[in-house]
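Participant: Note that the protein sequences, when read in sequence, are chains A and B.
Just so we're aligned: 656 in my numbering is position 656 of the first sequence, and the numbers increase by one with no gaps anywhere.
Just so we're aligned: 463 in my numbering is position 463 of the second sequence, and the numbers increase by one with no gaps anywhere.
Just so you know, the hints here were simulated from the structure itself, not pulled from any lab data.
Note that the coordinates shown come from a computational prediction; the quantities given were computed from them, not determined experimentally.
Just so you know, even glycine gets a beta-carbon here, dropped at the ideal spot from N, CA and C.
The reader is advised that the hints may include incorrect statements.
Using 25 angstroms as the maximum straight-line C-alpha spacing, the simulated DSS-like pairs for lysine-lysine come out as follows [claimed, not checked]:
1) A:577 with A:212
2) A:803 with B:222
3) A:659 with A:483
4) A:314 with A:266
5) A:753 with B:222
Output of the computed footprint for chain B on chain A, the stretches with three or more beta carbons under 8 angstroms from beta carbons of chain B [as the list claims (entries may be wrong)]:
6) 463–471
7) 727–737
Computed Cβ-Cβ distance ranges for the label pairs, DEER-style [said to hold, decoys possible]:
8) A:756 with B:249: 41 to 49 angstroms
9) B:117 with A:361: 50 to 58 angstroms
10) A:95 with B:114: 27 to 35 angstroms
11) A:691 with B:329: 32 to 40 angstroms
12) B:456 with A:118: 31 to 39 angstroms
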Amino acid sequence: MVARPQLHPLLLVTLLLSAIRGSGVDFEKEIFPIFEARCLDCHDTATLKGGIGLETFYHAHLPTDAGEALFTPGDVTKSVLFHVVSEADPEKRMPPKGDPLSSGEIELLKRWIEEGAKWPDDGWRPPKHWSYVTPVRSVPPSVNPPLLENRHPNEIDFFITATQQEHGLTLNPEADPARLLRRVTLDLTGLPPTIEQTDAFLADPSYAQYTKVVDELLASPSYGEKWAVPWLDLARYADSEGYQRDSPRSMWPWRDWVITALNEDKPFDQFSIEQLAGDLLPNATESQKIATAFHRNSPLNLEAGTDPNEDHYKQIVDRVNTTGTIWLGSTVGCAQCHNHKYDPISAKEYYELFAFFNNTPMESKQEGMEMGMANMVHIGPVLEVTRSTADIDAELRAEAEYETFLTGIRSDLLEAVDTHVKKDPKGRESLPEEVQKILEQEQEMNLNQCRTISTKLALKNPGMSRRFEEAEIMENRLKEQRKKEVRILQEMSEPRSTFVAKRGDFLSAGEKVSPATPAALHPFPDEFPRNRLGLAKWLVDPANPLAARAYINRLWIELFGQGLVTTPEDFGSQGEKPSHPELLDWLAVSFVEDDHWSMKKSLRRIVLSATYRQSTVVNPKSAEVDPRNQFLWRHPGHRLGAEMIRDQALAISGLLSEKRLGIHVRPFQPETFWRKSAGQSETYYVPSQGEDAYRRGVYTLWRRNAHYPGFANFDAPDRSACVVKRDISNTPLQALTLLNDPVYVEFAGAFGKRIAKEGGDGLDERLEWAFRTALTRTPRAPELELLRSAFETVRSESGSEEKAWREMATILLNLHETISRS
Amino acid sequence: MLDSTRRQFLGQGSRLALGSIALEALLREGALAAPSPQAKAKRVIYLCQSGAPSQIDLFDHKPALEKRFNEDLPASIRQGQRLTTMTSGQDRFPIAPSIFKFSRHGQCGATVSELMPHLASVSDDLCYIKSMFTEAINHDPAITFLQTGAQQAGRPSFGSWISYGLGTENENLPAFVVLLSRGSGRPNCQPLYDRLWGSGFLPSRHQGVKFLSSGDPVLYLKNPPGVSDAGRRRNLDAIAELNGSNHEAFGDPETLTRIAQYEMAARMQTSVPDAADLSGEPQSTFDLYGPEARVRGSYAYHCLLARRLIERDVRFVQLFHMGWDQHNALPKQIRGQCRDTDQPSAALITDLKQRGLLDDTLVIWGGEFGRTVYSQGELTADNYGRDHHPRCFTLWLAGAGIKAGHTHGATDDFSYNITEDPVHIHDLNATLLHLLGIDHERLTHRYQGRDFRLTDVHGEVVRGILG
């Protein structure tokens with residue numbers, strides 16, 4: 001039954017009375033002066049304490065941070081304003097300072113509310129912020145021709161140089177061909193050019209040839225491996241749950257999906273729709289379902305005692321916020337607890353977005369008790385994925401590895417049993433029945449049986465328990481490979497109700513809401529379904545002014561170290577304004593309209609620009625005008641990312657594996673690091689063997705609570721939450737990593753051997769070969785001289801040429817230029 | 001031969017000089033130009049007791065409970081407040097009085113249980129806050145809250161804020177060092193992880209540097225096998241010179257920072273082992289801290305190491321001692337935990353005081369929340385467990401600017417609700433920053449369009465604990 005609104009008898013009387021009196025309370029003369037005198041110190045438009053604004057019609061009609069109405073016309077009982085001024089407790093009363101409002105003033109407010117709280121619309125609305133206005137393609141400015149003569153400019157350069165002109169700046173000359181080739185090869189594939197590639201380019205370093213090289217690089221399968229990394233940071237991809245348990249989870253098929261989609265150049269709109277709602281597409285394919293693992297990357301708290309509902313709430317919050325950051329360049333997360341202070345998103349609108357995501361099944365539940373504590377397990381939807389031949393090959397290899405390991409354990413155990421039997425006069429008879437049974441069976445002992453024997457006979461075999469644990473880890477991994485699984489999104493047939501969580505507390509349910517998008521943004525078309533699929537389409541609707549701008553800005557960050565908007569996570573009113581607004585919009589429109597969301601095409605356009613191709617040299621005069629290089633008078637030449645540094649060292653040393661995709665790998669790391677900081681399961685780190693120790697960084701196991709230290713030291717995030725831009729720090733720990741990490745020591749050794757083997761005959765020839773392999777360019781005479789003298793010193797001191805080459809390799813791998821885009 | 005080349009190349013090794021100028025700038029850089037002259041504390045030692053020690057068995061004495069053994073916790077006390085799902089399903093909440101004896105100590109008459117005799121003896125130097133409370137009820141969100149002022153991951157840790165705000169005073173060691181030890185009371189317990197001392201959205205050089213308990217004290221600190229110090233020096237010189245030549249050609253200041261950081265790394269190779277080398281400590285030190293102080297990786301060892309790092313002007317040393325999560329078998333487990341920590345914690349106070357370091361060093365001891373008065377699981381005359389309790393817990397402070405020999409705040413007869421002077425984590429952090437000469441509302445960092453603070457939009461300095 002639906003309750004019908006009733007007119008309260010008292011209200012009726014009041015209304016009648018005021019009708020009789022013929023005149024109501026005068027807002028301008030009687031009410032607003034009270035606000036001005038007693039409230040606006042804290043509740044003006046600039047302060048909005050508690051989300052309450054009494055200066056404008058607009059703010060006064062928004063719900064407060066606590067989700068309550070400031071006043072309900074005609075009903076003082078539902079008017080916070082009335083309650084707080086008439087509150088008896090001085091601690092809770094408003095205004096907090098000075099005398100309480102007089103009874104006359106309170107009575108006026110009461111009557112004003114009862115009379116309908118008339119507040120003339122003063123027309124004030126938040127001004128539409130630049131980023132909410134649809135971008136238009138501006139005409140590139142014309143630039144004084146000599147400035148860009150012979151530079152093969154494109155539109156980007158017209159925008160950049162026009163701004164430079166205003167500040168008396170100019171583009172640097174083009175980078176020398178070797179440096180340029182190195183830069184673009186690293187940027188497009190994450191790997192350095194080989195000497196052969198360099199020689200080919202140096203033979204014809206024309207612009208036409210450069211274009212050809214760019215196209216080849218974009219077609220290389222290494223492209224997807226390089227460009228997946230920033231997407232994995234955004235998607236907070238990891239191979240573990242996060243929080244303190246941080247147990248392993250199988251998500252890597254999704255990581256492979258990303259690499260493959262990038263290599264296929266899946267258009268960004270489709271790329272987005274499949275990840276947000278691939279499961280809801282008609283006749284969804286396996287690949288489209290895998291794509292939805294994107295939002296299953298949220299951390300999951302399996303700590304005993306966690307409330308599954310609370311964690312579910314936190315996961316949805318994470319999904320809403322991550323979506324907002326990536327496709328709206330917006331800090332919608334601010335509205336989780338209160339109306340957004342600066343941008344036009346109310347708390348209610350936040351939960352309307354939340355409602356789109358709230359129809360997926362619960363992710364965890366309590367199960368059983370462990371040491372008197374409820375155990376938490378994952379119960380979310382999982383997809384079993386068809387395995388590729390490569391997956392099966394990998395499994396067979398892992399199986400062989402595991403079998404060899406287990407054989408070692410078996411033979412040591414049998415030896416120990418023998419010794420045990422010999423000590424006892426009763427011989428074999430002395431063994432417990434269970435043990436005898438195992439020993440007599442036909443098939444080989446499995447791991448559990450090995451354990452049983454060891455326990456039953458109380459064998460003191462040093463290191464055995466550790467080996468059991470390692471074997472178990474290998475066994476688990478094998479299971480993970482036999483059954484290729486990934487967590488996915490699924491829509492429940494019965495939608496879950498969504499309520500505003502007051503002040504962001506999931507236990508304080510407020511108003512019930514249904515899926516909707518914020519009113520200040522582009523409209524939600526009627527033909528779109530009101531579910532995740534509709535939301536996904538709305539996000540990549542060309543009418544969305546934010547998705548393409550935010551995408552282009554992130555692309556710019558990868559290539560230039562900082563964005564055209566230097567607050568890439570916030571395009572809102574508190575973010576920085578773009579340094580080149582017309583350029584940003586021009587690129588955004590081109591991305592959508594000309595490139596049809598092709599990520600490769602938009603990338604290609606930028607790396608072909610003269611702005612990208614210019615040298616990194618610091619011109620002191622320009623540095624004085626623009627020390628932060630905001631106007632790009634030089635290529636910033638910023639440091640390579642964590643994975644790139646390792647991948648490059650692998651490539652230089654000749655160790656890099658060409659294997660692509662598949663289950664994560666574990667490059668060597670000090671064991672102590674893993675044990676102390678990792679979660680409760682998998683206490684040992686078992687490094688991968690053979691080729692898998694030398695795979696590209698994107699395949700490295702990402703454990704949130706102990707992510708690979710060689711990456712962490714170079715600012716790779718732990719991926720507990722969406723990260724738009726990695727820091728580019730410069731620390732002593734980076735020096736220690738490159739000098740002393742056993743992995744880099746091994747790389748240097750291999751590089752040293754490679755120099756001696758492949759570098760040619762003479763000393764100078766080899767030094768030059770080594771230098772070019774690491775830095776692409778040819779050494780200058782003093783550089784060569786310094787290396788020669790260093791080499792000879794080591795050789796004469798140690799008498800070992802191998803050692804001398806290893807030292808040269810160490811030096812080259814540690815140079816600032818080596819780990820930067822030069 | 002190498003030398004002559006270098007001179008030709010660089011002109012009297014000027015590149016290294018340039019590098020140290022860059023380093024100088026790097027070190028002095030703090031977000032705040034200088035700490036306020038009112039700053040009482042220059043350095044911090046934070047003794048974080050991970051897992052949440054039971055305030056009822058250590059400090060918050062409730063003698064009236066003895067008579068209520070196994071009675072149900074009155075509903076008027078519980079007030080329907082939220083419990084963890086570990087005990088929310090229990091059909092009753094039987095009161096478990098502490099089985100440990102309490103007595104008064106020092107001139108201040110602080111009540112401390114028999115589990116902490118050494119600590120009790122330095123009570124006149126301590127300030128106990130018995131009215132701490134927090135917002136989170138599970139470990140991960142709660143310790144994240146304690147460390148960063150937010151329950152969800154991603155904010156900078158306390159130490160990072162300090163490093164960011166005040167910079168470093170040391171050219172050879174990191175500004176923020178983290179030391180982890182496992183408790184013998186409950187060896188398999190909540191793990192800890194790097195983000196708890198991470199720098200969040202602050203520049204990553206402000207993150208804590210974890211000292212390891214085996215192998216190199218800092219990851220990758222030691223030269224690899226076969227590389228001598230002289231050989232390493234030779235490599236470093238060559239790297240510096242080639243970097244210098246690159247800087248000469250391209251002028252990128254980042255290259256100078258790189259040179260400086262390689263030099264800093266080289267100095268750390270000697271300064272870290274030097275700080276960690278206890279062989280020069282007299283027997284009296286080990287008498288003070290206890291024999292465990294010789295065992296690398298133990299809490300006692302870390303207390304002693306903390307003093308040595310503080311002596312070397314490390315700004316912030318944070319110890320984490322795990323194992324305080326006594327859901328069951330509390331009496332047995334907590335004895336182990338106290339054996340690990342009682343003597344060394346007290347020794348640290350005494351030692352700092354003797355050396356005149358306590359005057360400008362702030363010491364904090366505490367966990368992420370408290371524990372329930374009612375028993376989790378079976379309650380017997382000599383055994384019980386306690387669940388998580390965010391509504392009240394005890395923490396102590398000592399040193400710079402702290403009112404010594406003082407107890408602040410109080411709880412009800414059940415150590416369940418706060419009755420006097422509640423102190424929120426944000427209030428504590430505001431106070432700690434205040435002692436370091438920082439206005440907690442002014443130490444901010446702009447990220448995602450917002451000025452973030454350690455204390456979010458809350459926190460008031462707790463005047464009652466200031467000396």
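Participant: Checked against the structure, which of the hints given earlier come out wrong?
Facilitator: Hints 1, 4, 6, 8, 10, 11 not satisfied by this model.
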